[in-house]
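2 protein chains.
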Amino acid sequence: MAELVKTNKMFGGLVKRYAHQSTQLGCKMHFSLFTPPAATNGNKVPVVYFLSGLTCTDENFTQKSGAQRKAAELGLALVAPDTSPRGLGIEGEDESWDFGTGAGFYLDATVDKWRQYRMYSYITEELPALLRSLPELDVDNASIMGHSMGGHGALVIGLTKPTYKSISAFAPICNPSVVPWGQKAFEGYLGEGWQEAGKRYDATELVRQYNGPVLPVLMDTGTDDDFLEKQLHPWTFEKAASGKLEVENRMQPQYDHSYYTIATFIDDHLAFHAKHLTSS
Amino acid sequence: MAELVKTNKMFGGLVKRYAHQSTQLGCKMHFSLFTPPAATNGNKVPVVYFLSGLTCTDENFTQKSGAQRKAAELGLALVAPDTSPRGLGIEGEDESWDFGTGAGFYLDATVDKWRQYRMYSYITEELPALLRSLPELDVDNASIMGHSMGGHGALVIGLTKPTYKSISAFAPICNPSVVPWGQKAFEGYLGEGWQEAGKRYDATELVRQYNGPVLPVLMDTGTDDDFLEKQLHPWTFEKAASGKLEVENRMQPQYDHSYYTIATFIDDHLAFHAKHLTSS
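Chains as they are written, first to last, in the numbering used here: chain A, 198 to 477; chain B, 198 to 477.
Heads up, some of the hints might be wrong.
Pairs count within a copy or across copies, as identical chains cannot be separated in the list.
Using 30 Å as the maximum straight-line C-alpha spacing, the simulated BS3-like pairs for lysine-lysine come out as follows [said to hold, decoys possible]:
1) K427 to K206
2) K396 to K206
3) K436 to K213
4) K472 to K267
Source of the hints: derived by calculation from the structure; they are not laboratory data. The model shown is predicted, which means the values in this text are computed figures rather than measured ones.
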């Protein structure tokens with residue numbers, strides 16, 4: 198069971214920070230949970246996960262997105278996990294800002310040295326199981342979103358687990374196999390043969406093989422995002438998803454890769470998810 | 198003239214960070230400015246200052262308050278200054294979190310060692326003069342607000358300069374002369390005789406002598422604010438201001454001293470200021 202380490206009231210709901218010992222990752226992890234005012238008197242509320250980008254912890258989204266205002270109004274819980282295991286003591290884990298600590302890439306590593314980097318299983322299995330112990334959450338009624346590396350995570354997880362009702366992303370890394378951030382992560386965590394092994398963690402590759410339900414997907418990326426051409430490739434994903442998913446791929450003029458963009462469009466994303474989540 | 202160091206688009210407006218060499222403080226300073234979509238085509242918009250609390254820079258409010266959404270809607274510019282001079286190299290300036298760097302206390306120090314700590318003159322004279330070079334700002338049409346130490350700053354400045362149309366504060370230090378944070382600052386910056394000299398920087402003392410116009414004041418403080426009894430004393434100010442100012446002193450049940458409280462009630466504060474500012 199997770200230990201509640203901090204509670205702050207916000208927009209009539211509660212921002213709670215939890216700590217727990219992760220069995221998948223073999224270390225102590227934190228996550229942040231917002232529960233809206235509707236989560237009282239035995240009511241269960243739907244859950245929206247937000248997966249953060251490189252260098253972030255569970256607190257960036259919680260402190261900077263302003264998402265809680267709309268989530269309070271719509272009756273949604275928000276779950277913000279951390280982005281990697283912490284403090285494992287693996288040689289080199291803190292050397293790069295785009296690999297190791299803060300850069301788990303939402304995959305299960307197969308290279309022995311990084312075998313505890315199992316963020317895919319952590320997010321899709323361990324965390325939802327843990328959340329079931331919180332009676333105010335309707336854990337089976339969930340959507341997933343994320344930013345940058347976390348947008349990649351949201352797309353990959355949404356496409357490979359039938360659990361999530363809708364997917365959204367800000368500035369997602371849509372085709373990691375062909376861009377520097379993705380290649381570095383795949384080679385480092387998956388080792389030799391990463392080109393093939395990486396396909397199951399590449400949203401564009403996954404959607405090419407996808408034959409599941411036509412999931413709704415909302416994506417927002419700024420035209421002034423410095424990483425757009427080199428790392429993100431939203432158009433590649435949109436094209437590959439044609440006829441398989443219901444993708445709305447929005448380009449936002451002059452917006453960049455920062456939390457200011459997330460704050461600006463988060464209300465749209467929450468309204469989008471609320472439409473696809475059922476009220477309990 | 199200030200140098201623009203960063204621009205981010207947000208809610209259709211612009212978050213801009215400026216740097217400039219301060220003559221009052223003798224060091225390089227940063228401030229953050231949000232201009233709403235209305236600040237285009239030669240339109241001038243009213244200005245609301247936000248003075249931050251202990252340990253903050255110009256970026257805490259900008260990143261964590263979510264204020265820009267409502268400011269964009271209301272057509273208000275937001276100015277967030279830093280909280281002290283930076284990097285002066287004064288012995289001991291970085292030793293305490295509640296004195297020296299990050300703790301300028303919005304006063305003009307008279308102790309020789311701290312003579313460059315002139316945040317009162319910086320905020321009331323140098324910064325407005327600097328802002329006049331930005332054609333989109335209606336600098337004479339301004340209101341002022343702040344948090345904690347910055348709430349103290351907003352009340353003191355609002356009461357001593359007739360410039361500001363309305364004042365608001367989150368968890369302000371209302372009677373610094375009688376609480377630990379204020380006494381430490383006054384003694385350190387004002388030296389011997391601080392008990393008397395501090396009166397001109399104590400909102401409660403100031404309002405007792407006040408005979409200016411009946412200014413509107415909005416204050417929000419959480420009942421779970423850990424500093425309420427020891428440092429803030431909003432009721433003392435409210436009582437002293439009776440019949441002299443139009444004070445709405447709201448206590449918010451279960452809210453605390455954090456930015457989550459500011460984010461929750463910032464819309465009310467901006468609407469309050471907008472009501473007292475004139476459109477150009």
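Ascending list of hint numbers which this structure does not respect: 2, 3
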